[in-house]
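Trainee: Protein chains in written order, with our numbering: chain A, 1 to 416; chain B, 1001 to 1310; chain C, 2001 to 2201.
Read the hints as simulated data drawn from the structure, not as lab findings.
For each residue, glycine too, the CB sits at the ideal point set by N, CA and C.
Watch out, some of these pointers could steer you wrong.
Straight line, CA to CA, 30 Å or less: simulated DSSO-like cross-link-like pairs of lysine-lysine [what the hints assert, rightly or not]: (1) C:Lys2186 to B:Lys1067; (2) C:Lys2186 to B:Lys1075; (3) B:Lys1144 to C:Lys2166; (4) C:Lys2178 to B:Lys1134; (5) B:Lys1173 to B:Lys1131; (6) B:Lys1080 to C:Lys2151; (7) B:Lys1071 to A:Lys287; (8) C:Lys2183 to B:Lys1071; (9) C:Lys2166 to B:Lys1134; (10) B:Lys1080 to C:Lys2150; (11) B:Lys1130 to C:Lys2084; (12) C:Lys2183 to B:Lys1289; (13) B:Lys1131 to C:Lys2090; (14) A:Lys287 to B:Lys1134; (15) B:Lys1144 to C:Lys2090; (16) C:Lys2186 to B:Lys1071; (17) C:Lys2186 to B:Lys1072; (18) A:Lys166 to A:Lys19; (19) B:Lys1130 to C:Lys2166; (20) A:Lys179 to A:Lys397; (21) A:Lys397 to A:Lys19; (22) C:Lys2151 to B:Lys1289; (23) B:Lys1131 to A:Lys287; (24) B:Lys1072 to C:Lys2151; (25) B:Lys1130 to A:Lys287; (26) B:Lys1075 to C:Lys2084; (27) C:Lys2186 to B:Lys1182.
Stretches of chain B that chain C covers, calculated by requiring three or more beta carbons in the stretch to come under 8 Å of a beta carbon on chain C [said to hold, decoys possible]: (28) 1172–1181; (29) 1194–1205; (30) 1291–1302.
Read off the chains here:
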Amino acid sequence: MSIFNPFINFFRVLRQVVKGNKWYYAWVGFLSFFILLGLVAYFRQLNHGLIETAMRDQVSWGLYIANFTFLVGVAAAAVYLVVPAYVYNFKPIKEVVLFGELLAATAIIMCVMFILVDLGRPERVWHILPIIGKMHFPASLLAWDVIVLNGYLAINLFIPFYALYKLAHGREYNMQIIKPLIIISIPWAISIHTVTAFLYNGLPSRPFWNAAVLAPRFIASALCSGPALMLIIFQIVRKIYKLDIDNKAIFKIAELIAYAMGFNLFLFGAEFFKEFYSNSIHLAPMKYLYFGLHGHYNLVPWMWASLLFNLTAFVLFLLPKTREHFFSLNLACVLVIAGVYIEKGMGLVIPGFVPGTLGEIYEYTPTMVEKYITIGIWAAGALIYTIFLKFMIPIYKGELRFKSSQSKNSSLASNL
Amino acid sequence: MKNNEKKRILTKPISRRELLKGSAFGLASLAIPIGKVDASFWEAFFQKHFREMNRDEVKAVIARLEKEYYKKYNKNFNIKTTEAIPGTLFGYGLDLSRCIGCRRCVYACVRENNQSRDPQIHWITVLRFKKGEKWVNDLERAEKYYYPEEVPEEGYFYMPVQCQQCENPPCVKVCPTQATWKEPDGIVVVDYNWCIGCRYCMAACPYGARRFNWAEPRIAREELNTNVHYLGNRPRYKGVVEKCTFCIQRTRGNPGRYPACVEICPVGARKFGNLLDPKSEIRYIIENKRVFRLKEDLNTQPKFFYFFAT
Amino acid sequence: MDKKRYVYAILFAFLFIIAISGNTSGEEKEQTRASLKKPGHNLPEFVVPPPPLSEGIFPCSQCHADMEPNPTRRELTFHTEISKGFNHAKEQRWCLDCHNPDDRDKLRLASGKLISFEESEYLCGQCHGTIFRDWKYGIHGKRTGYWNGKKVYRLCVHCHYPHWPKFQPIKPLPPPEKPSNIKYRKLSDDEIPRNPIGDIQ
């Protein structure tokens, strides 16, 4: 009997995922439509090559890598929940930390998808792995990224899955297993974003990226956009699943975003000052972003909008009055997400390539194929997260329980 | 009229139907290898890194590639794997006081090295500068698309840029799969069967020397150069990076030919030789002329020396 | 540019094309320059193809053998295609500064030493010493052949027409495609763009 339990449990979870009300089906259908659109576009790209994108030799990375960078930030932000929850034992946040970790895992999965669609030869991706491939470790920062991202994914899948598995069996999870993982996940979260920043940072051929402030800026902006995204998700989840998420947790996170945004703006100011005051030839990319270069202005309105969004959100998050009012709070969240998405997406990747190493200016504007694929991956991410929540929340709330033969497992768990 | 036609082809928007059609082909191309298990496909898929193969494995791969190329182009290719000649370190000299910007080198290179004609790939970029204006450090003033009736033009000078074969190549450092490396004779090469097409090397290269196959490379059959090197001018694939190899298929030999760009240059501005041979032209240039290397502040140590003979 | 000079430009271009196409027909005619090798010099091994002599004009002795040399500087009535376009230190130079008056099939150095048209670089080198030196070491001028073996040099006159040696402008080959023009195209084999330059040996 007991050997069938995993299957029975699996089908329980599956049933939980498949069954839902019409809103659930509508949402899944909505996402599936965009996933399908993305797939159609991706097969076209696979067939014709990356020529279907607007990337060219002059601007060899674009929308995909921009999204990748933004999402690494979202993933890293889970640490903002973990620290207050476990290190300072702040109870209200402790209750939502699982959702943060799942969001981190989802974000990493999306990162991997964005990298895969950016590859010219996706079928050779195994070449990057150690042992079976020929990973260039430690020289290549991309090799580091493979390690830290996968490690982070493993941690952030293991913790919630383990905890919920135990809960599903009606048992307490073992803090002795969870605790070291949580402790390690804090520097690990910092590392994924630092390594991703170093990926750009280590290229002296691209002066815009070759600034020491890049990694701190990455961390600071990640600690704005990631938690902001979580705040919105928490409110939605709270509403749909009638889950008890304490307002205190939400306001605390909002307060932390304000500090991170303050720091982010300070670092931006430092960078802005250094470039404009010294006014060397390395100013060109910055000038391109904020004032246009030799008659090319594509990103200028976006960058100023981003700055405006960030500043407004900073104020809204900082003042307790607006922070604790849901309209202004949500407005601030949206502004932060949009602001950072521009700043750390296209606003980071493109100025690395404009002007190019030989001085050429090619203004990159993503093609429809790129946009469809990007939307498709976002939809896929949303679907993955939706499915996670669909079976995890009932477990969390105690509505879904697994069948288990009480004997071996529990004693094993308590031994651990 | 021809121009108009070209424009039409270039600017034609993608219709939804075409999008679907393209996607169907994409699906099909994925399905084929799974459907009928072509041994050659799996051999290609599991091909080892070039430097990890023993002699027999290399031989087998070359035989397979020659077969594949025959199937694809209906031409017999001779794929060499000539190793570096001991005691050689290739260096290049380019006389900026002579270059007239005629772009003969660009197209000789395309022909010799089987670059894709569509989408167009050039390994050499010729930059034009106005005399007396900023150059070398601030390349924003460079004009790459100049096309006057005649060159040289009054008041301008020209600087061709190609792979500088750095001693300290940033592209090699960043490659996550070691698909590109520096050979003992100093040539930076790419294993086109190992490159995953992440284009990190292109971001890292300070000289814009690396080119990506954004689509399946197309070359008219009669223009294919069938005398090729595995690490050099053999036909490339969609989705991989390529670059100048100092014509590895020509230069690695005893005696070894000059690169194609050297031989075509009508003004003799291009010089090539062994940096370790004190009698070589390149050594004479370094020892007797005023030379500089591009972006020396990045410490990439190029083996490509710009000089002024007069 | 008047009409005549235009004709010369074409003539020059023709000579130039012959030169760059590496017209080395009859390899036995290629000459090595063993005499340049002096102790202490590390000159590479090289051969030089024969000079691009004008068909029907050379050997000069065909006509000049029976003519009395006239050393006075004057407007020529024959060889007008040369004298009209002549532009090589015009003020300081006259035909017989280089062409030997007595044996017209030879060139004459300032020292009075006679040399053949096949080794005219010594004549040019009299004035253009630094360039002559660069040429010997393979720095000045076009080279083909082998970087570690036999090299083919060109005589000065293969690229510089001696009577107006300044390099003539040429038409450049087309610029690269702008990145925004590179799009997916479905081309038949015939539609693939052809390369403007043919095989490099």
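Trainee: For C:Lys2183 and B:Lys1071, compute the direct alpha-carbon distance and say whether it is at most 30 Å.
Mentor: Judged against 30 Å, a Cα distance of about 27 Å means the pair holds.
Trainee: Hinted pair, alpha-carbon criterion (30 Å max): B:Lys1130, C:Lys2084. Please report holds or violated.
Mentor: Violated, at about 34 Å.
Trainee: Is B:Lys1131 close enough to A:Lys287, meaning Cα to Cα at most 30 Å?
Mentor: Holds, at about 25 Å.
Trainee: Between the alpha carbons of B:Lys1173 and B:Lys1131, is the straight-line distance 30 Å or under?
Mentor: violated, 36 Å
Trainee: Within a Cα-Cα threshold of 30 Å, do C:Lys2178 and B:Lys1134 meet the stated pairing?
Mentor: Distance of about 23 Å is within 30 Å: holds.
Trainee: Is it true that the CA of A:Lys397 sits at most 30 Å from the CA of A:Lys19?
Mentor: holds, 17 Å
Trainee: With a cut-off of 30 Å on the C-alpha distance, tell me whether C:Lys2183 and B:Lys1289 pass.
Mentor: Cα-Cα ~44 Å, so violated.
Trainee: Taking 8 Å as the Cβ threshold, is the statement that the segment 1291–1302 of chain B is covered by chain C upheld or broken by the three-residue rule?
Mentor: violated (count 0)
Trainee: Take a quick look at whether B:Lys1075 and C:Lys2084 sit within 30 Å of each other, Cα to Cα.
Mentor: violated, 54 Å
Trainee: What's the verdict on C:Lys2151 and B:Lys1289, does the C-alpha distance respect the 30 Å limit or exceed it?
Mentor: Between C:Lys2151 and B:Lys1289 the Cα gap is close to 21 Å, so the pair holds against 30 Å.
Trainee: Has the given pair, C:Lys2186 with B:Lys1075, been kept, meaning a C-alpha gap of at most 30 Å?
Mentor: This hinted pair holds, its Cα atoms lying about 22 Å apart.
Trainee: Take a quick look at whether B:Lys1072 and C:Lys2151 sit within 30 Å of each other, Cα to Cα.
Mentor: Given that 30 Å is the threshold and the Cα spacing comes to 37 Å, the pair is violated.
Violated hints, listed in ascending order, are 5, 7, 11, 12, 15, 24, 26, 27, 28, 29 and 30; each of the other numbered hints is respected by the structure.
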